[in-house]
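Asks: If you want the building blocks of each chain, they are given just below.
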Amino acid sequence: MTVLAALNAALDEALAEDERVFLLGEDLADPASGVNHVSSGLSTKHGADRVLNTPISEAAIAGAAIGAAIEGRLPVAEIMIMDFIGIAVDQIVNLAAKARFTSAGRTPCPVTIRTASFGGLGSGATHSQSLEAWFMHMPGIKVVVPSTPADAKGLLKAAIFDPDPVLFLETTALYGKRGPVPTGNHVVEFGKADIKRAGSDVTVVTYGRGVYDALDAATALEADGIDVEVLDLRTLVPLDMPAVLESVGRTARAVVAHYAVEFAGPGAEIAAQINTGLFGQLRAPVARVGSRFRPIPAAKDLEAAVYPNADRIAAAVRATVGYSK
Amino acid sequence: MTLAQAVDARLRKGIGRGEFFAVIWPSRGQEAVAAGVGAALRRDDRLVTTYRGIHDLVGKGVPLTEILGEIMGKSIGASRGKGGTMHITAPEQGVALTTGIVGAGVPVAVGLALAAKQQGSDRVTAVCFGDGATNTGSFHEGMNLASTWQLPVVFVCQNNLWAEMTPIGDTMNIDQVVDRRLAYAMPGERVDGNDPEAVHRAVTAAVERGRSGGGPTFIEAVTFRFEGHYFGDQQKYLPAEELAAAKEADPIPRYRQKLLDSGALSADELTAIDEDATAQVEAALAEVLAAPAPDLAELDQDVFVNMEGIPS
Numbered sequence: 001m002t003v004l005a006a007l008n009a010a011l012d013e014a015l016a017e018d019e020r021v022f023l024l025g026e027d028l029a030d031p032a033s034g035v036n037h038v039s040s041g042l043s044t045k046h047g048a049d050r051v052l053n054t055p056i057s058e059a060a061i062a063g064a065a066i067g068a069a070i071e072g073r074l075p076v077a078e079i080m081i082m083d084f085i086g087i088a089v090d091q092i093v094n095l096a097a098k099a100r101f102t103s104a105g106r107t108p109c110p111v112t113i114r115t116a117s118f119g120g121l122g123s124g125a126t127h128s129q130s131l132e133a134w135f136m137h138m139p140g141i142k143v144v145v146p147s148t149p150a151d152a153k154g155l156l157k158a159a160i161f162d163p164d165p166v167l168f169l170e171t172t173a174l175y176g177k178r179g180p181v182p183t184g185n186h187v188v189e190f191g192k193a194d195i196k197r198a199g200s201d202v203t204v205v206t207y208g209r210g211v212y213d214a215l216d217a218a219t220a221l222e223a224d225g226i227d228v229e230v231l232d233l234r235t236l237v238p239l240d241m242p243a244v245l246e247s248v249g250r251t252a253r254a255v256v257a258h259y260a261v262e263f264a265g266p267g268a269e270i271a272a273q274i275n276t277g278l279f280g281q282l283r284a285p286v287a288r289v290g291s292r293f294r295p296i297p298a299a300k301d302l303e304a305a306v307y308p309n310a311d312r313i314a315a316a317v318r319a320t321v322g323y324s325k
Numbered sequence: 326m327t328l329a330q331a332v333d334a335r336l337r338k339g340i341g342r343g344e345f346f347a348v349i350w351p352s353r354g355q356e357a358v359a360a361g362v363g364a365a366l367r368r369d370d371r372l373v374t375t376y377r378g379i380h381d382l383v384g385k386g387v388p389l390t391e392i393l394g395e396i397m398g399k400s401i402g403a404s405r406g407k408g409g410t411m412h413i414t415a416p417e418q419g420v421a422l423t424t425g426i427v428g429a430g431v432p433v434a435v436g437l438a439l440a441a442k443q444q445g446s447d448r449v450t451a452v453c454f455g456d457g458a459t460n461t462g463s464f465h466e467g468m469n470l471a472s473t474w475q476l477p478v479v480f481v482c483q484n485n486l487w488a489e490m491t492p493i494g495d496t497m498n499i500d501q502v503v504d505r506r507l508a509y510a511m512p513g514e515r516v517d518g519n520d521p522e523a524v525h526r527a528v529t530a531a532v533e534r535g536r537s538g539g540g541p542t543f544i545e546a547v548t549f550r551f552e553g554h555y556f557g558d559q560q561k562y563l564p565a566e567e568l569a570a571a572k573e574a575d576p577i578p579r580y581r582q583k584l585l586d587s588g589a590l591s592a593d594e595l596t597a598i599d600e601d602a603t604a605q606v607e608a609a610l611a612e613v614l615a616a617p618a619p620d621l622a623e624l625d626q627d628v629f630v631n632m633e634g635i636p637s
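Protein chains in written order, with the numbering used here: chain A, 1 to 325; chain B, 326 to 637.
For reference, chain A alone in the conformation it holds in the complex (with noise of 0.2 Å):
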């Protein structure tokens, strides 16, 4: 199953087990059924009461959605790339992240947004950043972003029923990747980092796109004879520290990559807990490999210089293991 059929299939699930749930975004029903096409055959299915086709209105799009959570529905919006969802960032980090709090619990926000990053296609530099650092830095709202299929399905499904406003981040170049996901109901518990490749020698900590780079790395590498740990993070909030604790913990060296940009990036933060955890059994310091400190650039090759790749992550992995005192 691909990953586009297994969030597909979350979907389905969803909206045929409670009536609560419901979909809302720009295209969404048939024919169309979206730009990406994550909810083919869903409005046909469920009806179009169920699947809304709404207009060109990122605030809106997240408002709604969040008026229904607070009012019990399980509504999940879909902010079409990531790059709109700054249109409705209002919405969801001045509302949504903070309905229980100021509330003290009495209006809860259960709505799921789910939105793609589209790097890696040459759209440029309004249709391919990864922005998940924005709403890892706002209390209040859970931030998923699935690699595989099976964690695809059972992290949407698990998205969709949790109380809290979830950020549910796609990959659009991942739509197409192939991997078995459990049959029934398959759910992925939040905050539970997933280590994707075992190895003794370094730990590279990722998530989304970011594994299959440090993946191919990871095999490359084995011709240099060191063996790499990949763990998966699968949600940035909640962060599954101890299991990277654990990890860098074992192979005492770790490089942190992804494709939000390094700087002020998720990994300043992961480096910084992984130093103060591991201080004095670190055997090089913590590295990073994110995309560079630029607007995404149109063209191919430029668009490539931008991102982390295999590579780069494989030259990181290197430098941490030769590094010396």
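Be aware that a few hints might be false.
Each computed DSBU-like pair below joins lysine-lysine, with the alpha-carbon atoms no more than 35 Å apart [said to hold, decoys possible]:
hint: 1; chain 1: A; residue 1: Lys196; chain 2: A; residue 2: Lys177
hint: 2; chain 1: A; residue 1: Lys157; chain 2: A; residue 2: Lys196
hint: 3; chain 1: B; residue 1: Lys561; chain 2: B; residue 2: Lys583
hint: 4; chain 1: A; residue 1: Lys45; chain 2: B; residue 2: Lys561
hint: 5; chain 1: B; residue 1: Lys442; chain 2: A; residue 2: Lys157
hint: 6; chain 1: B; residue 1: Lys583; chain 2: B; residue 2: Lys442
Chain A residues, not near chain B, derived (Cβ > 10 Å throughout) [stated by the list, open to error]:
hint: 7; residue: Asp12
hint: 8; residue: Gly41
hint: 9; residue: Asp49
hint: 10; residue: Ala68
hint: 11; residue: Asp90
hint: 12; residue: Leu131
hint: 13; residue: Lys142
hint: 14; residue: Lys157
hint: 15; residue: Thr183
hint: 16; residue: Asn185
hint: 17; residue: Lys196
hint: 18; residue: Gly249
hint: 19; residue: Leu278
hint: 20; residue: Ala310
Calculated directly from the structure, the hints in this document are not laboratory data.
Yeah, the Cβ is synthetic: ideal placement off N, Cα and C, and Gly gets one too.
Starting from the known structure of chain A, fit chain B onto it as the hints suggest.
Replies: Coordinates of chain B only, in the frame set by chain A:
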């Protein structure tokens, strides 16, 4: 109206004297709108209001101890001090949200109404905002969606003629805010926001329209904000003659006179209502001032249901 005025007056007096600390955006002058809206709504109808919404909360029937307690950051406040004046919610009285971001409540009100429709309920959502909010994208996106989906929302523009410290004429090139509804084919009207009966009539008709499946309505209630944008605002920007003229149209003495003239209530009865309002506020205030501050453990509750793995 009387109760809303009494709350506002007592807060301003207490803050001014240093009797207690509170952060408020005074609503003196706008009481007729709140009264007209509140009286037209059922208890289970939803209300979304703004930081300048204390009078709206009173009109919707939120207990004074919850309002005053929240404004003063006490444990008996609506949100145990975690919300403050700009974020008061009171689900039991249908107050779904108070927003501190201008215009932000409009799309959420649309979602509240969408849920009512999905749930097969005939409850209606009213959303209050100022004239300034109608210049935001959220307002227009929400208006368009409510109209497109024909949702039971009553949009109430409390047009007090000033957006923070800038007059309405500097920020929009139309004579009447109500004209904005025309772009969304939405019914609506402009009413005298200092006449509680006019507001009540308009909102009642709008609520009935929404309840019976007739979709949203836009109401512009023209009023005035006597005390400026924030408490202590010296209003250097406001021509003295404009404020004087506005005070000539003060809704409180005007409505009092109307009730007297019509014989609906006697002077004694009106005085009794005033005294009762003052007594209610004093009783609530005494309870709030005697209440403890929130426990610091509040900080570790309600960020998420499950706080495991959440940074401290």
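Asks: Take the C-alpha atoms of B/Lys561 and B/Lys583, compute the straight-line distance between them, and say whether it is at most 35 Å.
Replies: Distance of about 33 Å is within 35 Å: holds.
Asks: Using Cβ atoms and 10 Å as the threshold, tell me whether A/Lys142 really stays out of contact range of chain B.
Replies: violated, 7 Å
Asks: Examine each Cβ of chain B, and state whether all of them lie more than 10 Å from the Cβ of A/Asp49.
Replies: violated, 8 Å
Asks: Quick check for students: does the CB of A/Gly41 sit more than 10 Å from each CB in chain B?
Replies: holds, 21 Å
Asks: Going by Cβ atoms, does A/Lys196 stay more than 10 Å from chain B at every point?
Replies: Holds: least Cβ distance 20 Å, greater than 10 Å.
Asks: Taking the shortest Cβ-to-Cβ distance between A/Asp12 and chain B, state whether it exceeds 10 Å.
Replies: holds, 19 Å
Asks: Against the 35 Å threshold, does the CA-CA distance of B/Lys442 and A/Lys157 hold or violate the hint?
Replies: holds, 25 Å
Asks: Quick one, are A/Lys157 and A/Lys196 close enough, alpha carbons at most 35 Å?
Replies: holds, 21 Å
Asks: Run the distance test for A/Lys196 versus A/Lys177: straight-line Cα separation, threshold 35 Å.
Replies: holds, 15 Å
Asks: A/Leu131: least C-beta distance to chain B exceeds 10 Å?
Replies: Label holds. Min Cβ-Cβ 19 Å, cutoff 10 Å.
Asks: Say whether it holds or is violated: A/Ala68 keeps its Cβ farther than 10 Å from all Cβ of chain B.
Replies: violated, 4 Å
Asks: Please settle this one: A/Gly249 was flagged as non-interface, so is its CB more than 10 Å from every CB on chain B?
Replies: At about 18 Å from chain B, A/Gly249 clears the 10 Å cut-off, so the statement holds.
Checked against the numbered hints given earlier, the structure breaks hints 4, 6, 9, 10, 11 and 13 and satisfies all the rest.
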